[in-house]
Amino acid sequence: MANQAEATFEKQPMWSGGRSPFNVSYGKLMMWIFLLSDAFTFSSLLVQYGAQRFSNIETAVTTSWPDPASIFNHFPFMHGVHLPLLFVSVMTFILIVSSVTMVLAVEAGHRNSKKEVQKYMVYTIFGGIAFLSCQAWEWATFIHEGARLDSNFFGITEQGYKHLQSVSFSDHFEWADGDRTWGPVPFAALFFIVTGFHGFHVFSGVVINVVVYIMTVRGVFERRGHYEMIEKAGLYWHFVDLVWVFVFTFFYLI
Amino acid sequence: MSTAALHADEHHADHHHKESFISKYVFSMDHKMISKQFLITGIIMGTVGLIMSLLFRLQLAWPDEQFSFMETLLGKWAVDGKLDPNFYMGLVTIHGTIMVFYVLTAGLSGTFSNLLIPLQVGARDMASPFMNMLSYWFFFLSSVTLLISVFIETGPASGGWTVYPPLSALEKAMPGSGLGMTLWLSAIALFIISSLLGGINYISTVLNMRTKGMSMNRMPLTIWAFFFTAILGVLSFPVLLGAALFLIFDRSFGTSFYLSDIYLEGVGALENIGGSPVLYQHLFWFLGHPEVYIILMPALGITSEVISCNARKPIFGYTAMVISLLGISFLSFIVWGHHMFITGMNPFLGSVFMILTLIIAVPSAVKAFNYLTTLWKGNLRFTPAMLFSIGLVSFFISGGLTGIYLGNAALDIQLHDSYFVVAHFHLVMGSAAIFGMFAGIYHWFPKMYGRMLNNTLGYFHFWLTFISAYLVFFPMHFMGLAGVPRRYYQFTLVKEFDVWMDVNVLMTVGALIGGFAQLFFLYNFFYSIFRGKKATQNPWNSNSLEWSAPVERIHGNWPGEIPTVYRGPYEYSRPDRELDYFPQYEQDESAPEVLKTEKSKTSPAEKEEAESSVFFAAIKKVFGLS
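Order-wise, the sequence lines are chains A and B. Heads up: the first sequence at position 9 corresponds to 9 in the working numbering, and the numbers run straight through without jumps. Heads up: the second sequence at position 158 corresponds to 158 in the working numbering, and the numbers run straight through without jumps.
Quick caveat, the hints were computed from the structure, so don't treat them as lab data. Please note: incorrect hints may appear among the correct ones.
What the hints assert, rightly or not - Far from chain B, by Cβ distances over 12 Å, these chain A residues were calculated:
#1 M14
#2 V100
#3 Y123
#4 F197
As the list claims (entries may be wrong) - If you anchor each label on the Cβ, the simulated ranges turn out as follows:
#5 S89(A) - I152(B): 45 to 51 Å
#6 D80(B) - D150(A): 40 to 46 Å
#7 L270(B) - R218(A): 52 to 58 Å
#8 W182(A) - K495(B): 27 to 33 Å
#9 K533(B) - G219(A): 51 to 57 Å
#10 G146(A) - K24(B): 43 to 49 Å
Even for Gly, the Cβ is constructed at its ideal location relative to N, Cα and C.
The shape of chain B in the complex, shown without the other chains (with noise of 0.2 Å):
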């Protein structure tokens, strides 16, 4: 045992001794803990968001409908039972940014990169426990702040989850634009620090804590998923930052960034003058479509494992997958502009954009071919993190076909801002990217709870939630592509939406399906981990690190010594092999050729070589070259 190691469990041993309620369960340093506390909190606001979202479905199909128990839940807000229209639009600004920074952001991100960067690197922890903690109780306030913000009485923030300006610089412009927005905002920055502190861990946990043997083309593509979005979150989010500091001097101190020549109904025109709303939507979308990435990558990550896994079949291509998450992390810093087609930009600055944005379909065509042609003629075992992959599968492509509509910039003069981009992204983002937490719940619940969760009830909830998610999304395409504007009220109002009144009952049924799903998963959720069944310590027989850690859970994850890697995550049903799978931490005893060529490495004229050269050793190694 290297000293190194030595330390380390010292340092374990150490942790034992001291661990009180409060360090093991509420200012935990343990990164499964943590995870468990990203998990639980995400689980908490995306329950919130999934009221909401019911809450609005209901005013958009029954207008005229009163619900006394809306005015039960909602007060003032619902009068008579009818959803007020200031709030409806802050249910779907705050819906918005629960579900796109709360849940996808954190939520699957938090949750998964925490427990699974260390384990599946073969760490202890991550690099800096201490800010990892920080991470979440910067994340917990950050939720605890924009919650409160829902309960005052000018209600929350109401302008869309991108505020844009001027009806979030202008506290009179709405409402919600005055204390409302301020809380949104103070959310926000804290929702940055949390990330920010997240991503710096993540990715040097990945870059410098793999153990031995683990070299970067040996990684899950989890992993590779995982340190793609920190990189992500890491340079676009303080960008946010930057037009949030902005916008924060444009509310409260005079200035002008965002403002121009205004006239506000009873107080005539602002003395405001020179600004640009759209420089902030520049910089908001810098951030933003980066923040889709965010999201759907640590989806794609874990379906290619949960797929790889129970098709017992090595995942197609890969060297491509990677290479395609790491096109896809490059493209997507500069299209940010296929957002703003119709801000009056300059037609050729938008056909670069376009054309950029069009090329994002190749790696994204790739992914979804690789898993595709990794499910062709796979011994395919039906669990229900499987069903969620394929799910994930099956939104990734219908959603991001109509990427390519929404991507192209003369199309986009009719479809921007109408139903057509609420289906796309609830499809390919939201969707997508909620079916691959669903499935890295399911598969990795006995990793973190050390109990099954129930299968019977998971089918039922997958089916309910796939049915239903295309039964809501769907229709919207037809409606966008007639022209039916999102975030309206009250579509009785107006007279050429009336067609559409129908659809909107059975988005609103679906919806409801969708909503009444997700008590099985709560259910399911909560009951397994005290109840479920015990789990063993390999349930899936993954190749896969973190499945060679015990069962009960210990600081510093393994008992012994970390496990030395010989091969790759994804070696399933090698012919050479009784076993359908290998893992990666077992030695091959007849071959033991992997140690062999490790040791011819370490000639001094080779080290040096590597030395001289690391960034160009580093892109040999990871993609295999060497």
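Next up, chain A with everything else stripped away, as it sits in the complex (with noise of 0.2 Å):
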């Protein structure tokens, strides 16, 4: 259909039929509008979240919502550390550099450069699953801490908010007794829920971008004369990232 669209351009207005008003494929029209789709999606689990925390700010329970600063303070390796948001941080930087990678595959697939097509999908791939096993850590560890669906253990009480703010960036720092109480319950199941969703999408496209590598390795672009599908799976890919700047804002920044 790319093809039709160029074989006509020259004869035919934008908009009066027999091609597409804006000069792209069907395929990449439909990944456009999943996008436009996938992005009401998260829109409703972001709308959910805020509206869930801003009717938690005072309860019976709980004075207010758990510092993230204070609870994503973990770092592989630097058990008792405190650095605060360090490693989302590193999880950040790997995702995005993910997408510089995806955009250097497309650039590559437009000089219909096969070798460096290869190459850059490799770093991509390798990105998407280095989040994803970062996320798994992260989880793990927010687990391991005593996160729960149906509870919240991170309300923190004026004694462990004056400890807290006697610890600088990487000095030793451990929970003491009385530190924490029970906070506001659907913190951490929110948090499960939209990073897991998150994560699933991550996750899928790591699928989509290892399926279009193999198909690259097996030369059916070369044939094809084009790597559209690469840019169709670079749309998605970037679209991901984006989610993931939203959701590192909501859940870690504010």
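With the hints as a guide, dock the two chains, each given alone in a separate frame, to form the complex.
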């Protein structure tokens, strides 16, 4: 269909039929529409997060929403060291870099350079797998710390708040008795659902990337004469990356 | 012939070679076959939904009567022929779910979007036939899952088709809240996937696959309606998915997003704290309100086409029709709060939702008046399709007027959850949309099956259905105004409602007549598929592109090149023509200025300008400003 659009482009005005008005193939158009729809799915999840968070600002059992920096302060092999948000920054960096390699793969596809497409797709797939592994570690640590779907022990008492204030970056830190209390119930559940749903998208993206990588290796796109499939996978991958920016902001930064 | 067309022909010849029974009738990738699959599944689901409504109507009219056939039919749900209260709730819920999602969303939009989009815009098939096939089979699985839920021991989901928590979130809330609710959620998840696959396909096909000359402002109004419907579906169903995801966690994993401080008989206080069932309602109605337009708009599109064709007149105000569809689509996303006026919503927010809701009356009125002015002094042909379309206009007006009452936040205190609401949506969304669907079936049956439906049976079908619909739903207004709540099992148990018993009998008799009338349709439909009169190529002397395709259905729609379009779809009774119609695909020998203007537009400067402002150009084209 891309060929058709290009062939008739000269003769046809944009919207008068017989060609694609945006000069894109139907597959790419479908991907855009799907992403629009998926954006609404994530929006609905984040709207629920906002609603739950604001309705839990002050309840009988708790004072406020847990402070993410006091919870996500672990780093592999650095037990007991207070490193708030360092690990998740690394995760974010990995995902963004994998988007960059994806751009390079798409660009290489435009030049029909099979070798380079292969190389950058491998990098992208590795980035995706690395991100998922980091997320697994993050989840495991969080659960180990006591995160549960139906309760939340990350509320901070006044004593705990003072304790946290006295600790600076990379100091040794461990919660003392009486530092923590029961907090707003949906905190961990929201974290698991939303990051889990995003992680599922990353996983799907990795599967898609592996499929198009295999297709590249087998020379499917070379025979087809264009690497548009890489572009479509790229659109999805960037979208997943973009969503992570929002998830990261909502769950870690504010 | 362009290379693309050549390619498509090879493609199509290819298909002819290896078409087996399975690939032709079961896992078909031909949009015409898929539309028939949607239609027949929709008819089966519709029949099930109809029978359910008759069962609970019998209960409402004669609550103390014992119907022995009911025990035969329902077993333990109707011991001694008296309907079980829990199963009554289940019937109401599944009737609503089936009619809203399975008949009027998938059955209507699935059938006619699939049939008409490629044929009317001039495409060989949908943009992705494979995804189209998947869309049907997800819908099929979803239908089967929902029907299975009726047969399980604890009964189907029974919390109403809106499945509000806590009834839907607590497994112990009522019998249907257990496995029945789980199956309901699975069915809807499959349904959302199906509608997403379909919707993405419809939008891409309309945008990308139009034939030469088929500019946006030459598309039939059916296509416009399907196009906006698909956009609504693609953007609103994901929100329901998000709500369902949280609901599943509440049901099965101990979270309390939608639950808070609940005391359950025999269990005591539950551990859930901090959630809000109103949050679910917001998310549900963010889908739910666009959903009623997903149901109605295809019917409106079909009506535009049928009325214009059978009045032998151009549709009155083509551009106004498109803009009003656009207006309805846009507004439908920002009015969901009017379903929730009495949830304790801030009155200021309520007034915002109220004003936005009342604004919808404007585009709706534009549509209603345009239908009437199209009919005015038309050369009317009362085919069954035409009658059903006029019936739609009637329901659209009588049901739409009560929408203005219900949109009022103050009046809603009295009317909310009463029979007034039931009357309103059964007229404006239920009856109107089903009449649009019938109009579409009578009008395009020759295109689908190459045979004609019997007109006499069609007239019986129309008049009986039309009268019975008003018989059933009109008295409900008065019950609702008097404060009779919906979803009650037995009115004789409440003394104040005793006065309505005779009216209930009247409504049930009406429903039985309506159910009986559908037998005419079912007989007509299935008989005519095999034995109906053979159709000619253009039996209604219609202008639109689908009638240029041959009667025998081939994969690829047109044997040769796809016809080029030279004019809009509603040029009926032009004074300079001998025939009273002027097909879109017929070239005007005397005045080839259409081609000339097209050529003049290809100057490089203009092309560049169009390229630089894609969106602006689109708007200009759509509204015919260029």
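I152(B) and S89(A) - C-beta distance against the hinted 45 to 51 Å: The hinted range 45 to 51 Å holds for S89(A) and I152(B), with Cβ atoms some 50 Å apart.
Interface exclusion of F197(A) relative to chain B, criterion Cβ beyond 12 Å: F197(A) is in fact no farther than 12 Å from some Cβ atom of chain B, at 7 Å.
Hint check for K495(B) and W182(A) - Cβ pair distance inside 27 to 33 Å: Violated - the Cβ-Cβ distance for W182(A) and K495(B), about 49 Å, lies outside 27 to 33 Å.
Consistency of beta-carbon spacing, R218(A) to L270(B), with hint 52 to 58 Å: Taking Cβ atoms as reference, L270(B) and R218(A) lie about 56 Å apart, which means the hint holds.
Distance restraint evaluation - D80(B), D150(A), Cβ atoms, bounds 40 to 46 Å: holds (44 Å)
Distance rule for V100(A), whose beta carbon must clear each one in chain B by more than 12 Å: holds (28 Å)
Status of the given 51 to 57 Å range, CB of G219(A) versus CB of K533(B): holds (55 Å)
Chain B versus M14(A) - minimum CB to CB distance exceeding 12 Å, so not interface: violated (5 Å)
Assertion that Y123(A) lies outside the chain B interface [Cβ separation over 12 Å]: Per Cβ check, Y123(A) is outside 12 Å of chain B; nearest 30 Å; holds.
Satisfaction of the hinted span 43 to 49 Å by the C-beta atoms belonging to G146(A) and K24(B): violated (59 Å)
Violated hints for the displayed structure, listed by number in ascending order: 1, 4, 8 and 10.
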